[in-house]
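J.: Listed in order, the protein sequences are those of chains A and B.
For the record, in the first sequence the residue sitting at position 106 is 106 according to my numbering, with numbers rising by one throughout.
For the record, in the second sequence the residue sitting at position 14 is 14 according to my numbering, with numbers rising by one throughout.
Treat each hint with caution, since some may be false.
Stated by the list, open to error - Here are the simulated lysine-lysine pairs, DSSO-like style, with alpha carbons at most 30 Å apart:
hint : chain 1 : residue 1 : chain 2 : residue 2
1    : A       : Lys-106   : A       : Lys-37
2    : A       : Lys-58    : A       : Lys-42
3    : A       : Lys-22    : A       : Lys-106
4    : B       : Lys-13    : A       : Lys-106
5    : A       : Lys-37    : A       : Lys-68
6    : A       : Lys-106   : A       : Lys-57
7    : A       : Lys-22    : A       : Lys-71
8    : B       : Lys-13    : A       : Lys-42
9    : B       : Lys-13    : A       : Lys-57
The hints are simulated quantities; they were obtained by calculation from the structure and are not laboratory data.
Please read all numbers here as calculations on a predicted model, not as lab measurements.
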Amino acid sequence: GENVEQHPSTLSVQEGDSAVIKCTYSDSASNYFPWYKQELGKRPQLIIDIRSNVGEKKDQRIAVTLNKTAKHFSLHITETQPEDSAVYFCAAVVSGGSNYKLTFGKGTLLTVNP
Amino acid sequence: DAGVTQSPTHLIKTRGQQVTLRCSPKSGHDTVSWYQQALGQGPQFIFQYYEEEERQRGNFPDRFSGHQFPNYSSELNVNALLLGDSALYLCASSFSGDRAFGQGTRLTVV
Numbered sequence: 001g002e003n004v005e006q007h008p009s010t011l012s013v014q015e016g017d018s019a020v021i022k023c024t025y026s027d028s029a030s031n032y033f034p035w036y037k038q039e040l041g042k043r044p045q046l047i048i049d050i051r052s053n054v055g056e057k058k059d060q061r062i063a064v065t066l067n068k069t070a071k072h073f074s075l076h077i078t079e080t081q082p083e084d085s086a087v088y089f090c091a092a093v094v095s096g097g098s099n100y101k102l103t104f105g106k107g108t109l110l111t112v113n114p
Numbered sequence: 001d002a003g004v005t006q007s008p009t010h011l012i013k014t015r016g017q018q019v020t021l022r023c024s025p026k027s028g029h030d031t032v033s034w035y036q037q038a039l040g041q042g043p044q045f046i047f048q049y050y051e052e053e054e055r056q057r058g059n060f061p062d063r064f065s066g067h068q069f070p071n072y073s074s075e076l077n078v079n080a081l082l083l084g085d086s087a088l089y090l091c092a093s094s095f096s097g098d099r100a101f102g103q104g105t106r107l108t109v110v
């Protein structure tokens, strides 16, 4: 089955700096890659996603890149703010029909220091 | 739209007991998946229900079972609870690529 590796497990940055989180996946059939933000005690919230037919996607301060050949994808957060502090999870999906199984990475605890 | 709702929010059970967790999907969603999130870990897929049938299953023992009702709501049942079953249990509903998570049920087994 699919396996998703995520690095780093913790990341501390100064407010205004950029943060980058990287993930690799094993199943070449995976074609949808969402990123979730989870604050303490809260549900995972989708922040951005990318499909395998796209190499990069941007939404304001957040961007995701995908390298299908290398089977890795990354989350980039620019101009970080204290409210960006949370655990971030990458995930991979083989999307099709009723298959909506998400395989998650182990998460990255991002701390943005004021 | 209330989104995905789960009940209860917190639960404490004793080893060996059985527990039932409930999930109401987001309006318009017909597929429900359950995930177990241990402390400090990513969510792990338990199983998925669609048209009242289990369609996929993750690497979880038969002590974990579920059900989906005609109104698309779902239950997760865990028998013979172990200390290691302590976790946040997340329900996610979906339809045609749109997916949403519930707030989870925090299960503590003592």
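J.: Now, for every hint given, state plainly whether the structure supports it.
T.: Hint by hint, here is what the structure shows:
1. Restraint check: the Cα-Cα separation between Lys-106(A) and Lys-37(A) comes to about 12 Å, which is no more than 30 Å; the hinted pair holds.
2. With a CA separation close to 25 Å, the supplied pair Lys-58(A) and Lys-42(A) stays within the 30 Å bound.
3. Taken as a hint, the Lys-22(A) and Lys-106(A) pair is honoured in the structure, with Cα atoms around 11 Å apart against an allowance of 30 Å.
4. Restraint check: the Cα-Cα separation between Lys-13(B) and Lys-106(A) comes to about 26 Å, which is no more than 30 Å; the hinted pair holds.
5. A hinted pair counts as satisfied when its Cα atoms are at most 30 Å apart, and Lys-37(A) with Lys-68(A) qualifies at roughly 23 Å.
6. About 23 Å separates the Cα atoms of Lys-106(A) and Lys-57(A), which keeps this hinted pair within 30 Å; it holds.
7. For the given pair, Lys-22(A) sits about 11 Å from Lys-71(A) by alpha-carbon distance, which is consistent with the 30 Å threshold.
8. For the hint pairing Lys-13(B) with Lys-42(A), the CA-to-CA distance comes to about 22 Å; that is within 30 Å, so the pair holds.
9. With a C-alpha separation of about 44 Å, the suggested pairing of Lys-13(B) with Lys-57(A) is violated against the 30 Å cut-off.
Violation of the numbered hints given earlier is confined to hint 9; every other hint is satisfied by the structure.
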